[in-house]
Amino acid sequence: MFKSLLLKGRTLCLLLCCMVSSLVVTAQTKHTGRVTGSDDKLPVVGASVRVKGTTVGTQTDVNGQFSINVNPGDVLVISYLGYQTNEVTVGASESIPVVLQVGNNALNEVVVTGYTSQRKKDISGSVTTVNITAAKSVPSVSSESLLQGQAAGVNVITQGAPGAPAQVIIRGASNFGNSQPLYVIDGLQARDMSNVNPNDIESISVLKDAGAAAIYGVSGGNGVVLVTTKKGKQGKTVFSYDAFYGSTQPKSGNVFNVLGADEFQTLIAKVDPDNDLIKGNSGKIYDYGYQSGAGAKGVFNQSNASAFLPNYHLDNDPARDYLIQKFVKGAGTDWFHEIFKSAPLQQHTISASGANDKNTYFMSAAYTNQQGTLINTYFKRYQARVNTTFSVKDHVRVGENFSFFYIQSPNGGGGLAGGNQAEGNPISETYRTLPIIPVRDIAGNLGGTYAGPAALGNALNPVGMQERQTTTNTNLWGMQGTAFGEVDFLKHFTVRTSFSTEINNRYYYNIGYRQYDSGEAHGGNNSYNEGSSYDTRFNWSNTINYKQTFGQHAINLLAGFEARKYNYREINASTQNLFSLDPFYANISNGTSGTTANSGYGDLNRTLSLFGRLDYTFADKYILGATIRRDGSSVFYPGRQYGTFPSVSLAWRTSQEEFMKGVTWVNDLKIRGSYGVSGYNGNVSRNSFYNGSGGGPGSSAYPIDGSSSSITPGYFSNLGNIRTTWERDKVMNVGFDASLFGHLDITAEYYKKTISNLLQNLDLLATVGGGGRPTVNIGEVVNKGVDISATYHGQAGDLTYSVGANVTTVKNTITELGASFFTTGIRNGSVVKNDVGTSIGQFYGYKVIGYWNTQAEIDALNAAQKPDVFGGVSPYEKDAAPGRFRYADINGDNKIDDNDRTFIGNPNPDFTYGVNLGAQYKGFDFSAVLYGSQGNEVYNSIKYWTNFYGSQTGNKSKDLLYNAWDPAKSAAQNANAKTPILEKTTYFSTADAISSYYIEDGSFLKLRSVQIGYTFGANMLKSIGVDKLHVYVQGTNLFTATKYTGLDPELQSVDRNSPGIDLGNYPNNERRFILGVNLSF
Amino acid sequence: MKNLKLKIMIPAAVLLLASSYSCKKFLDSPAIGSLTPEVIATRTGVDGVLIGAYSLADGVYDGQQGSPWETGTDNWIYGSVVAGEAFKGSNPGDQPAAANLEAFNATGSNDYLDHKWRVCYAGVQRANDVLRLIPTVKDGSVTDDQIKQYVAEAKFLRGYYHLEAAKLWKNVPYVDETITYAANNYDVENTGPIWDKIAADFAAAAADLPETQPQIGRANKWAALAFEAKALMYDHKYPEAFTILKDVIANGKTSSGAAYALGKYANNFNPSTKMAPKAYLLYKHL
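Same order as they appear, the protein sequences are chains U and L. The first sequence begins at 129 in this note's numbering and counts up one residue at a time. The second sequence begins at 19 in this note's numbering and counts up one residue at a time.
Think of the hints as simulated: they come from the structure by calculation, not from any bench. Don't take every hint at face value.
What the hints assert, rightly or not - Here are the simulated EDC-like pairs of lysine to aspartate or glutamate, each with C-alpha atoms no more than 16 Å apart in a straight line:
hint, chain 1, residue 1, chain 2, residue 2
1, U, 1086, U, 616
2, U, 1112, L, 112
3, U, 693, L, 46
4, U, 1112, U, 1007
5, U, 675, U, 616
6, U, 521, U, 616
Claimed, not checked - Take a look, some chain U residues computed to stay more than 10 Å from chain L by CB distance:
hint, residue
7, 221
8, 814
9, 892
10, 1103
11, 1120
All of these numbers come straight from a predicted model, not from anything done at the bench. Where a beta carbon is used, it is the ideal one built from N, C-alpha and C, also for glycine.
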């Protein structure tokens, strides 16, 4: 990037010189002109205006105007980055209006690549650039979500909690741990890009193949996202203000299809008549529930109210409580909408930028406040950035990028109590809490499962959970920055040193209230927790660059050295039984002695690297790129520390060949291919090769002297592996870039990525001991797929429009594994099994082939069973009975057991796609962004809670009451039953096993955003001193087309690359309406 | 010319600086938050590792797979619940694996058994860690007598954890201190019962353990003998067991020196009488 600026600077000097000389030499007539852009009709500032065939030229001023002395008949060449170069023949008129058409040849743009930048047409590796304008049209608080649907080959899974980061995977999950790409922000190899203000971003490029990414060696295996922030542009200082304000609407209706209070009463009367809530009350739920700390609990009716109500008491001492709540009748409590309300979102950025011929500057400050639709969730961020560059002499440049952010958000992740995707979070509790329970009890305190019989269950009042978040404080602050110096010498050489660093801090303190409303936790203690963590990263890069053109040969050689270090510390403390929970009183010292617990952790790793790259172009036709990197990492044992990662890429700009010159519809065509190796070491701990010993009160301490007050610490050993080394990603990539018909840009690529030596904490035989497992290089995963993107630019009169689309396919296959393993354990088993021949994250369990219809068909199968070695006879299928699931006999041994489990679903989509639509008509602009995923399946664990009466006490699905398997119905009618027979308890043949009953089609298409705006012309604004004013209205997520019955089929991974499992997810398809403004002066 | 020199010197200086950085032992990583084998090879280190081995006496540790009630040496689930003297409680959807054990229809996917198995061998290997660590102590901080006693205590614990596994599965692998990940010999066969090896560990422990210990939590000679008798009884070697048990009843004492007394069995589980003389191995739940 810097070099492109440098080039511009030089051109600029040249132009300035030309201007001066033109004044001296000529006696031609003076012509003036104004250059405007075809897209926004605004003046183009700083466009180059040159007389063709001469060195005479000038530049446009801030009003897009230029004046130049020329003769009629001269041809002016007007060019500006991002626009098509225009040639105008000077006529008799002294005024020359010029309209520059938007550049539709995307191949000419300058793209930031590893440690350098290249014109897109010179790139031989796989590099995708993101259309920032389109990406920004979906408001993103966490900036990696900008990538969703905008870059072929990049899958982004989001969730809705305020400020929650998205999960980004480039070309498929590549391992069983962290598949996150490397983020490089202005040269800083950063933890993430979440807190880069989208308005500060100049460009994002994604390096996907080894040809492009292997220059990052060890860190490039999962792909690289390069973010470049803005620099001042030549001309006067530009001030701008970008802001939007919007309101997010929660999902409406009965989102989990659960019962109302009266329906719930009907359900329990039907299936559980002895339930204490109705027993002895002729099938009706009593009016009140109560429980006292002394142990008495139960229900009573209004007629007895006077005997109970005066006892009500809520005390600090749980033993003295006497809580009473009045059950809700009729529709009952709509728990989901008790905690989901419409919520505002706003963001404001102000910036100032500019440059002269030596120095550039860009400064911005921003405020973001996203309130979640879930009450008491929020994400507030304050941030600032300063980017400057200075030319000390013609050949010496220095500069820096610096940004700072401060975030306030409960839990740091929005404030969803219990975390996203958890059975104990308030979203899950909305269907786990009975509809008869009131939000508040008779005295206005929280209602819940305490005041009444055990039949109320063990859920937590979701409103209470979120109200208790108000004293959960997490503050995050951090800074990212790079300082660099650059010197040109010996004409063709540039040496550069740059030091980048990042510091992230987190500080939290929160109060854990005694959950007096909870049946299970009523007698617990209050608690107070406080802690902090920080991490620092730095990378110091030094490069030397040689660049020369001899005739038709263009050579660019780069060699570099880099040192990196990462350091992390954390400390946590908690205490219990505070006398008062006043936030001003609560601190760690004020708990009861003996309840204070501390913990801490540290991490450190270092990397040392040498790297080089060669870019060679012959006759603008044949392009060779080669990179090599040698990385050493401190996480491996000496002797295994270094890995070498080479790559080579070739490209042929076919369109430059003579034989293609006649093919006018091909504006540009480049065919390219690459092969290379990159690596990854993110899935290994810093101590992996040590047989180190650890300790801890719960794991190895023992009261050796018989006294539990002075526990003697002990140690246990972990297993180290000195043979652990790099994961290796071999990537083959072929593709082409084409510009056709002057309107259409297409890029299509096929890749095969083989990730071998996968690092896995192998689960060994128990006989090896119980310490931490060694990390072993074992396993191989192959990702194959096609990335296609196409953009069409068109114009019809005053209407210009563009249609962009991209498609990503990934076929992920595990080809080698040390041992198959399960992940993502939930109540009824582990959902995911990773095994050879399947994709990472596939669901594993019993396949439901229907319901048992008659006892006779079960008896017939049971009769054929043979006695086992002990003489006992097991049934064909455990707990089989009419109305329960009939599982498939996968192995054909005429009985259903563990061996009949099979792969029942795949969360990985066949393809994901994004569509960007854009149009401009006079001052109006329109844009729309769609994002979709096709063929992904979802494991809907919510059905476990709602579709079986006996699974856990909680609210139940309407399907269980109205559409269950019914002995009164015919087999044909029952074939469409939505749930098994309504029964009081669950069985292996109903809810107790992981089965295909829970699998749903998760394909979706979301209309991410639709925006209509209007730009006021400069003339209209001159009087108020404004150069540009753009206002817009926007709707996001106006529709989600899906068959999925839960809230949102877009589901982040909960455990080691296992997406697509719904465990109570904060949806990211809520509608939002936004009013926005972009102003500059 | 002067300018040219400057132009070369600046980049040269940068490169020199860069290369000097690489000369430092930048990649030598210390173990972080972890004790390396060299650091722990002292008397106190051996004692710490031994205490780590004792700490699994309750069958529970942080970071284990499964929950305490699945693996505890009180064997609530495998003893009381399966035998019918305790009821799992709650509803069937809560811990279905426990309900399956209770109903005698546990299948291969029942993870309680896996977790219990793992904790048993975690204990065995923690005891083996002591035996492997002792020869590496070269700083002279441990005397021969101390070595004898540490070895005896470790063997006692190794027998104890093996016994725990053998009680549930009978034919289990016997894992001694030569079995390690590094030696890649940990796939130990389980072709027959190992009662004799368990009894031998207890016998070896009894030979070297003192009758009393300065700390009540350590096993003494009598505890080892009592467990040896227990292992022999599982092996149907009743005469041998009877001989030992007579000795234990007549002369046995706790680590603190109190004579064994056959009091109420329930006293072992009553907080007020927990340290009763009946308890031949004391431990506390942490």
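Hint by hint, here is what the structure shows:
1. U:1086 <-> U:616: Violated, at roughly 74 Å.
2. U:1112 <-> L:112: Answer holds: residue 1112 of chain U to residue 112 of chain L is near 14 Å, not above 16 Å.
3. U:693 <-> L:46: Cα-Cα ~12 Å, so holds.
4. U:1112 <-> U:1007: 14 Å, holds
5. U:675 <-> U:616: 11 Å, holds
6. U:521 <-> U:616: 10 Å, holds
7. 221: Fine: 50 Å to the nearest Cβ keeps residue 221 of chain U off the interface.
8. 814: 6 Å, violated
9. 892: Nearest chain L Cβ is 7 Å from residue 892 of chain U, so the label is violated.
10. 1103: Holds: least Cβ distance 26 Å, greater than 10 Å.
11. 1120: 5 Å, violated
In summary, the structure is inconsistent with hints 1, 8, 9, 11 from the numbered list given earlier, while agreeing with the others.
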